[in-house]
Amino acid sequence: MLTEQSFPVVGMSCAACVAHVQKALAKSKGVEQVSVNLATATARVSYDQSVVTLEELQKAVAAAGYKLIVSTDASDSRKEAAAVKQKAYRILRRRTFVALILTIPVVLYGMIWMHRPEAPWVMWLFATPVVFVMGRDFFRNAWQQLMHRSCNMDTLVALSTGIAYLYSLFNLFAPYFRWTHSVGQPIYFESAAVIITFILLGRLLEERAKHRTSMAIDQLMGLQPSRVVRVNEDGSLEEVAINVLRKGDILLAKPGERIAVDGTVTEGSSYVEESMLTGEPEAKLKQVEAKLFAGTINRTNTLTYRADEVGEETLLAGIIRLVEQAQGSKAPIQRTVDKIASVFVPVILSIAVVTLLLWLLLDADQRVVHGLQACVSVLVIACPCALGLATPTAIMVGVGVGAKHGILIKDAESLEVARGIDTLLVDKTGTLTHGQPQVTDFHSLPQTDMSVFAAMEARSEHPLAAAVAAYLSTDHLPELTNLQTHPGKGVSAYSGAHRYLIGNEALFKEFEIPIPDPFRPEVERLLAEGRTIVLFAQERTMVAVAGIADSIKESSREAVDALQRKGIEVCMLTGDNRAAAERVAAAVGIEGYYSEVLPHEKAAIVKALQAKGKKVAMVGDGINDTAALAQADLSIAMGCGSDIAMEVAGITIIGDDLRRIAEAIRLSHLTVTTIRQNLFWAFFYNLLAVPIAAGVLYPINGFLLNPMIAGAAMALSSVSVVTNSLRLGRHKLSTPTTGSRRVKLSKQIQIKNMNEKIYRIEGMMCMHCRKHVEDALNSLEGVHAIVSLYPPLATIRFLGKELPLETLQKVINERAGADYRIYPN
1 MLTEQSFPVV GMSCAACVAH VQKALAKSKG VEQVSVNLAT ATARVSYDQS
51 VVTLEELQKA VAAAGYKLIV STDASDSRKE AAAVKQKAYR ILRRRTFVAL
101 ILTIPVVLYG MIWMHRPEAP WVMWLFATPV VFVMGRDFFR NAWQQLMHRS
151 CNMDTLVALS TGIAYLYSLF NLFAPYFRWT HSVGQPIYFE SAAVIITFIL
201 LGRLLEERAK HRTSMAIDQL MGLQPSRVVR VNEDGSLEEV AINVLRKGDI
251 LLAKPGERIA VDGTVTEGSS YVEESMLTGE PEAKLKQVEA KLFAGTINRT
301 NTLTYRADEV GEETLLAGII RLVEQAQGSK APIQRTVDKI ASVFVPVILS
351 IAVVTLLLWL LLDADQRVVH GLQACVSVLV IACPCALGLA TPTAIMVGVG
401 VGAKHGILIK DAESLEVARG IDTLLVDKTG TLTHGQPQVT DFHSLPQTDM
451 SVFAAMEARS EHPLAAAVAA YLSTDHLPEL TNLQTHPGKG VSAYSGAHRY
501 LIGNEALFKE FEIPIPDPFR PEVERLLAEG RTIVLFAQER TMVAVAGIAD
551 SIKESSREAV DALQRKGIEV CMLTGDNRAA AERVAAAVGI EGYYSEVLPH
601 EKAAIVKALQ AKGKKVAMVG DGINDTAALA QADLSIAMGC GSDIAMEVAG
651 ITIIGDDLRR IAEAIRLSHL TVTTIRQNLF WAFFYNLLAV PIAAGVLYPI
701 NGFLLNPMIA GAAMALSSVS VVTNSLRLGR HKLSTPTTGS RRVKLSKQIQ
751 IKNMNEKIYR IEGMMCMHCR KHVEDALNSL EGVHAIVSLY PPLATIRFLG
801 KELPLETLQK VINERAGADY RIYPN
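Number 748 in UniProt numbering belongs to position 748 of the sequence shown; there are no gaps in the numbering.
Hints in this document: simulated from the structure, not taken from any laboratory.
These figures come from a predicted structure and were not determined experimentally.
Do not take every clue at face value.
Using C-beta positions, here's what the derived DEER-type ranges look like [what the hints assert, rightly or not]:
no., residue 1, residue 2, range
1, 87, 551, 45 to 51 angstroms
2, 681, 284, 30 to 36 angstroms
3, 48, 358, 51 to 57 angstroms
4, 58, 551, 50 to 56 angstroms
5, 784, 114, 54 to 60 angstroms
6, 53, 358, 52 to 58 angstroms
7, 51, 104, 26 to 32 angstroms
8, 497, 313, 53 to 59 angstroms
9, 104, 50, 47 to 53 angstroms
10, 610, 288, 57 to 63 angstroms
11, 779, 301, 30 to 36 angstroms
12, 806, 525, 49 to 55 angstroms
Straight-line distance between alpha carbons at most 30 angstroms, and here's what the computed DSBU-like set of lysine-lysine pairs gives [to be verified]:
no., residue 1, residue 2
13, 771, 254
14, 59, 87
15, 757, 87
16, 757, 254
17, 23, 85
18, 489, 284
19, 801, 85
20, 291, 509
21, 87, 67
22, 509, 566
23, 23, 771
24, 509, 85
25, 23, 291
26, 509, 489
27, 59, 29
28, 771, 810
29, 27, 85
30, 27, 59
Note that beta-carbon positions come from the ideal geometry of N, C-alpha and C, so glycine has one too.
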């Protein structure tokens, strides 16, 4: 029986590494199919457990020079791989820092104090640890490539630095040979040290980008609590680790806690927020026999539920797998450089060898000196510095330009793909709309006092009640008695001698309250437009109706128009009903839309469009969009949404201005053009300089390039690439950013690092209390707080360092009053 599993792989750095790992696994008995992804550093293997074991797969990969992390538990293997990668990253960071410190005196002596008598010895002393200690991985990797009859950038780095170092060492310790043959002062320690340092710095930046990508998976996994309260057969409660749960276990979820596994409610009723699945802000009422999903949040009452799916079988685990697979299927732009290097390196090596042989055969006077000098010049002048700088320098400048305009770009891949997008899928809630329910329509009978309506909504547990209470906000709310909740229908209460009801049509039918003719057209219109209706009655007479919907962002229509003018087809995806989807699509000018879609269905829609040859971009802001964001050719997250969506996305739009999407596409064109120019000049330089370094001009005018000049030419090529990249910074994007939409760079960076915590608030009695506490907390710099009355909780996002509890309590006392107390939840 075949088993398909994904394993983390440690040690891969280029396309050649992927080929070696894939070949090693494919040759193992019992392996049917292998797919190795460099972006996620994983190998997805379909194998027969009765023929091959995990240990045998691990040994096969180890023989190729890499490490396969194997475990029957996917989460355990991810944790082990993360630990190994973190250790490797710390080592690389330390080596880069030390190499940089040691290279500074080498460069100073090589460029400024080269005539001082101690210069060669100082350069040798400092360059030696840089080349052979800090840069030893280049030589080890080059040797491994040689054993597999292959080569990559490491091969050229090792050869150019190694030969330059050995040649310099020979001339340092054999001065008689140097003076006799008038070679001059060919000491190139600074070239070897600078090359190693530059390449180490590039590798460090690459690993940082990979680490940020893997954080999306970690945060998705963090949605599932590590421990849960289990109800034993004797009725006792026991807190256990989530990995010991089995199907059929009875579990407990208190208000504010996340659901641990997929299951079914067995006792109780509560509102559960499923925005991570549907993207909709409205919590859903869950009663006995209702389905629950791992990662969703229980908001109001305690629930008892039965575990139906655990471990890798939950819907959340499925979303994680979708993200892993979709991320791994992409090819970053740096792969193009690796592929070019696979041809470029052997060509340069061949030219160097041929150059040496020709000088030995054709030069009668100084064949050894001239041949060695030309050979080293070819290897030094063909150093991959310009090639290595071509992509990262353009990316760094492009990212800086984007940041000034509220566009955060994660990687070169996103810049490469954005320019070719022809289809844009846009999530509705939180992207085209604000993501917060608001009263859009309100109709009441003349001379009707709405204070009772406001008082009942202020004390209601329903998630939409806050929107109505805020709309009807009054200073004096009447006293209520006998307040009753009718689950799934509404609430009823008495004020004085009169009974009042708030709810939907089902509640009015239960109490036999008709909808009068003056209200009937409005109710039908609101329902047809996809709005949620709230009916209000005094005794048996309906006196008011409120229509609630998610309001559309002011910039949505303009943004859609700008994209359509660029020839991009815009389509909307939403988990909301068809009527609501149709209303929003018509308002913003979108013709095509998909309604009532779940997260995995969004990803399936992206795949279907890609199968038709479309280049698809996905714009979203929630956890429910994560799988589709990862599957799309280009993923764009709104910065006002979830941290997980931003981690998965290649591009993040800070704030909620959709017009920046068109700006991001223009920036993509500019940056990719710069990268291609850099690559062209890097190769043009080699095409021109390598023949001169080989000595093609010597028969004509007696010119033979000195390796020192070759080193200077190599540095000049790098400078030209950097200068061309800096030109990108002078470009201005088309859509201006003004007023409140402009975001400071420091805030942009902080949004990526928000820390969210939930606190319990005591002393709140009404919506006015809630608002006072919320306003007080939001007055603190670096704090974004949302306070709910039922349950009395404050969800606080800290944009920087988490503030102590004493600070939070102090600002509440000063701005809201001393009647409210805040505690950790």
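Quick rundown of the hints versus the structure:
Taking 45 to 51 angstroms as the suggested C-beta distance range, the pair residue 87 and residue 551 conforms, at roughly 49 angstroms. For residue 681 paired with residue 284, a C-beta distance near 58 angstroms fails the hint of 30 to 36 angstroms. For residue 48 paired with residue 358, a C-beta distance near 56 angstroms keeps the hint of 51 to 57 angstroms intact. The hint said 50 to 56 angstroms for the Cβ distance between residue 58 and residue 551, and at roughly 55 angstroms that hint holds.
For the pair residue 784 and residue 114, the beta carbons lie near 57 angstroms from each other, so the given range of 54 to 60 angstroms is met. The hinted range of 52 to 58 angstroms is satisfied by residue 53 and residue 358, whose Cβ atoms lie roughly 54 angstroms apart. The supplied range of 26 to 32 angstroms is broken by residue 51 and residue 104, whose beta-carbon atoms lie about 56 angstroms from each other. Between residue 497 and residue 313 the Cβ separation comes to about 56 angstroms, which falls inside the hinted range of 53 to 59 angstroms.
At about 59 angstroms, the CB distance of residue 104 to residue 50 disagrees with the hint of 47 to 53 angstroms. At roughly 42 angstroms, the beta carbons of residue 610 and residue 288 sit outside the given window of 57 to 63 angstroms. For residue 779 and residue 301, the Cβ-Cβ distance of about 32 angstroms falls inside the hinted range of 30 to 36 angstroms, so the restraint holds. Between residue 806 and residue 525 the beta carbon distance is about 52 angstroms. The supplied range of 49 to 55 angstroms therefore holds.
Proposed proximity of residue 771 and residue 254 is supported: the alpha carbons are some 25 angstroms apart, at most 30 angstroms. Using a Cα cut-off of 30 angstroms, the hinted pair residue 59 and residue 87 holds, with the two alpha carbons roughly 22 angstroms apart. This hinted pair checks out: residue 757 and residue 87 have alpha carbons roughly 29 angstroms apart, not beyond 30 angstroms. A threshold of 30 angstroms between alpha carbons decides the hint, and for residue 757 with residue 254 the separation of about 16 angstroms falls inside it, so the pair holds.
Of the pairs offered as hints, the one joining residue 23 and residue 85 holds, with about 23 angstroms between alpha carbons and a cut-off of 30 angstroms not exceeded. Proximity of residue 489 to residue 284 is assessed by CA-CA distance (about 12 angstroms); at most 30 angstroms being required, the pair is judged to hold. Restraint check: the Cα-Cα separation between residue 801 and residue 85 comes to about 26 angstroms, which is no more than 30 angstroms; the hinted pair holds. Note on residue 291 and residue 509: the hinted pairing holds, with a Cα-Cα distance of about 27 angstroms set against a maximum of 30 angstroms.
The straight-line distance between the Cα atoms of residue 87 and residue 67 is roughly 14 angstroms, inside the 30 angstroms bound, and the hint therefore holds. About 52 angstroms separates the Cα atoms of residue 509 and residue 566, which puts this hinted pair outside 30 angstroms; it is violated. For a cut-off of 30 angstroms, the pair hint linking residue 23 to residue 771 is broken: about 62 angstroms separates their Cα positions. Taking the CA atoms of residue 509 and residue 85, the gap is near 62 angstroms; set against the 30 angstroms cutoff, the hint is violated.
A C-alpha spacing of about 44 angstroms is found between residue 23 and residue 291, which places the hinted pair above 30 angstroms, so the restraint is violated. With a C-alpha separation of about 10 angstroms, the suggested pair residue 509 and residue 489 falls inside the 30 angstroms cut-off, and the hint holds. At most 30 angstroms may separate the alpha-carbon atoms for a hinted pair to count; residue 59 and residue 29 meet this at roughly 13 angstroms. In summary, the hint linking residue 771 to residue 810 is supported, as the alpha carbons are separated by about 17 angstroms, within the 30 angstroms threshold.
Taken as a hint, the residue 27 and residue 85 pair is honoured in the structure, with Cα atoms around 26 angstroms apart against an allowance of 30 angstroms. As the CA atoms of residue 27 and residue 59 are separated by approximately 12 angstroms, the hinted pair is consistent with the 30 angstroms bound.
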